[in-house]
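**Q** Sequence:
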Amino acid sequence: MPAALDHAAATIAALGRSPDLRALSLVGVKVITALRLCALAERDGLDPSPDLARRFHNLEAAFAVVDLAQTMARVWPEPIMVNRPCCLCLSPDEATLANMLRAAARADRAGFGDAMAGFIRADRHEALWNGCVHVAALLA
Numbered sequence: 449m450p451a452a453l454d455h456a457a458a459t460i461a462a463l464g465r466s467p468d469l470r471a472l473s474l475v476g477v478k479v480i481t482a483l484r485l486c487a488l489a490e491r492d493g494l495d496p497s498p499d500l501a502r503r504f505h506n507l508e509a510a511f512a513v514v515d516l517a518q519t520m521a522r523v524w525p526e527p528i529m530v531n532r533p534c535c536l537c538l539s540p541d542e543a544t545l546a547n548m549l550r551a552a553a554r555a556d557r558a559g560f561g562d563a564m565a566g567f568i569r570a571d572r573h574e575a576l577w578n579g580c581v582h583v584a585a586l587l588a
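Under this note's numbering, the first residue of the sequence shown carries the number 449, and numbering increases by one thereafter.
For the record, the hints were derived by calculation from the structure and aren't laboratory data.
We put the beta carbon where it would ideally sit given N, CA and C, even for glycine.
Zero decoy hints are in this set.
Derived Cβ-Cβ restraints for the label pairs, each shown as a range:
{"id": "1", "residue 1": "Glu490", "residue 2": "Asp454", "range": "39 to 49 Å"}
{"id": "2", "residue 1": "Pro533", "residue 2": "Asp454", "range": "36 to 46 Å"}
{"id": "3", "residue 1": "Ala451", "residue 2": "Cys537", "range": "28 to 38 Å"}
Within a straight-line C-alpha distance of at most 16 Å, the following computed EDC-like cross-link-like pairs (lysine to aspartate or glutamate) qualify:
{"id": "4", "residue 1": "Lys478", "residue 2": "Asp515"}
{"id": "5", "residue 1": "Lys478", "residue 2": "Glu508"}
{"id": "6", "residue 1": "Lys478", "residue 2": "Asp499"}
Taking the hints into account, I'd like the entire structure generated from these sequences.
**A** Below you can see the structure in the form of structure tokens.
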């Protein structure tokens, strides 16, 4: 029984640690930061596309990230939680997106599904897959 308790304690400790933005790939950092900027723009009633296009030097990438953020807002089971742009810790939703992007960049459809298993209904995966693959390709 002590091994089971050790496993449970390790799981609980892992859940208490927030992933670090600096541990992500460059694409992951760009998309998470862009998602945070999209949230600020939405709060202020602004279009984030011009700012993202300047940051990425790529209008298509800016539109793809905005489309992905809108898709996430539509299919996510609850409002998406993002941290402030200056925060190095990832929210649980940002960590999920980072895992989704990692799998999409590797064309790992099974890993993509695993990143959302039990959280986002399977019938909603296709739109997220297409958005993540598109964004990952444009920002790679």
